[in-house]
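Listed below are the residues making up each chain.
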Amino acid sequence: MSPPLTPLDPLIVLEDVHAFYGKSHVLHGVSLTVGPGEVVGLLGRNGVGKSTTLKAIMGLVPASRGRVLFGGRPITGLPAHRVARLGIAYVPEDRRIFRLLTVMENLRTGLDRQGVDEAKRKRLIDKVLEYFPVLGERRNQAGGTLSGGEQQMLAIARAMMLEPKIVLLDEPTEGLMPRMVSQIGTIIEVLHREGVAILLVEQNVPLTLASSRRVYFMEKGTVRHHAAAADLEVGDAVIHQYLGV
Amino acid sequence: MTAAGLVDDPSSAGTGRGGTSAAPLLSTAALTVRFGGLAALNGVDFEVRRGEIRAVIGPNGAGKSTFFNCLTGVIRPTAGRIVFNGEDITGLPPNRISQKGIARSYQITNILPNATTLENVRIAAQSRRHAWSMLRHHADFRDLMDRSEAVLASVGLVDKAHELAANLSHGEQRNLEIGIALATEPTLLCLDEPTAGMSAAETHDTMELVRRIAEDLTILIVEHDMHVVMELAHRITVLHYGEMLAEGTPAEIQENPRVQEVYLKT
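Same order as they appear, the protein sequences are chains A and B. Each residue of the first sequence is one higher than the last, beginning at 973 in my numbering. Each residue of the second sequence is one higher than the last, beginning at 346 in my numbering.
Be aware that a few hints might be false.
[As the list claims (entries may be wrong)] Looking from chain B toward chain A, a few residues come up when the C-beta cut is under 8 Å (computed):
no., residue
1, Ile402
2, Ser514
3, Ser544
4, Ala546
For the record, the hints were derived by calculation from the structure and aren't laboratory data. Quantities reported herein were computed from a predicted structural model and do not represent experimental measurements. Glycine included, each C-beta is placed from N, C-alpha and C at the ideal position.
Please model the entire structure based on the sequences and the hints provided.
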């Protein structure tokens, strides 16, 4: 198996990123890349630093060492709202739906920014409702009353309102029923077709292999293995090594 | 092992409350915890023998933390029973359970940062004593200090005894936390991710530490690092959606196709 091709002109680059929670050393030098429009999987067991890697990109956890580049430009140390404005959207594991706001209100929170006129708002909302008709059916329903899968869909749709160049997806299938898991696969395809890059943190191996072009495996706060998704199968020893028991 | 006498001697188990050494140290029967409509634990029957190192594993949301919280009295089970040392401890508050001999170290470090390492251990050791005896006998204080120092020796922190706990490294703080648990003279020690956030070297040292203290103790460990689990545990219990999925030796668990399916979500 030859090492997979990394993009020549990457959208996101992490170089030897270290991070701490208090004294706890969580990231021990994470290096990875995501190309424009590329879907990249980040696999590993609980507690290996996958979510923290996404937070370090967003500036929600400071990188104590190393660099994060976006479009070749260092963004290490930028606050999260500035990172988001550059075109990096983040869908955290707990989704952070506004439970008391309706589906439409949730979507509109992503539209209250400069340079979005009424026509553009309509265009963006129409597009996600076309992709996710369920959200249209539930447009006036409070976010908190949606099912887990629908909330995940809403969280991703809301991220799309920012017209991001990349979406950081943190375990979108966590806690979802198997039927909803395949729906998440469809949503990832939709984003990919739109040309949006995705860094997908997951523990669901089949979904990640089916959705991603390349996959990184993390262990103990660092990337231990890197492969083209097409070269991997669920039963492979390497998968067992980093995710199995 | 310097902490000798801190804990029950397995060979004397038959003489204590709770019958013969063949009886499990801890058992749960149909242990169930519901949060609203969600069963975080659903009818778990579980047994640990004296002297065992038992790992409890399972994917996110399997119920591992809820299980620990039940055993240590943080959560009252909705149904079922917990028997420890032959005694029904179901529904007892955490302080009473601690006095019965179940100690716990937390996932998030839980120390007094502005006390010294020794003081942290001594305060925990004191919780085991009657307050009046402290006031009456200076000798008891001496005894307490000796015991605290023995605990520090067992967790490798003697030379940091007079250091403020805040100044210890992360790995040392986690080991101090194990020392705090040991100071309460437990029979059963529950360790919640003892190697989280540690470097490879610190992880190795903590594994050695756990192995050492396990000579005198029964240990339950929740851990995601499979190397740690496979190296340390005599037996492994796998939880999944609040139910017991499998139980066996590390080799048996590694060969169990259902366990692999659950972990790889196939």
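Could you tell me which of the numbered hints above are not met by this structure, giving the numbers in increasing order?
4
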